[in-house]
Amino acid sequence: MKYGRFVLDEETKKWLNKADSDLKHAGNALGDNDLDWAELASQQSAEKALKAVCIQNGFGLIKTHDLTILARKVKAPLDIVQKGGLLNPFYTSARYPDVEELMDAEANKEAAKDAVKAAKAILQWCKKQLKLKT
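Each residue of the sequence shown is one higher than the one before, counting from 62 in the working numbering.
The hints are simulated quantities; they were obtained by calculation from the structure and are not laboratory data.
Among the hints, erroneous ones may be present.
Derived Cβ-Cβ restraints for the label pairs, each shown as a range [as the list claims (entries may be wrong)]: (1) Lys136 - Glu72: 12 to 22 Å; (2) Asn94 - Gly121: 33 to 43 Å; (3) Asp95 - Gly119: 36 to 46 Å; (4) Gln185 - Glu71: 21 to 31 Å; (5) Asp70 - Lys170: 30 to 40 Å.
Where a beta carbon is used, it is the ideal one built from N, C-alpha and C, also for glycine.
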């Protein structure tokens, strides 16, 4: 990927491509009412996008799933850090059947919609940091 004179390294491209793919899957899952997958794919999209920025900025691959840690590492604005915090619980809750479900169906649908929106905002912010068109 190239934008102007700014060239992404290969590792950054791999992570960013996965982030794009995960966001697409999140939207598809939401449309299919597969809310757990929409939430997990949203979290994964944001994580991979933030890791792409970390890699491009010379921090290497930071091995954490905590999006607030990744966002702070790349000096993301507060709204991006907060969106990461919104997505953090989905890394676990969407993957395991023994995590207690506390929301009714309508609240869960809203949470999934919010997750997709948050992931999209994080991905757009990351692309802006990498000087890519969003």
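Can you name, in rising order, the numbers of the hints this structure does not satisfy? The structure conflicts with no hint, since it agrees with every one listed earlier.
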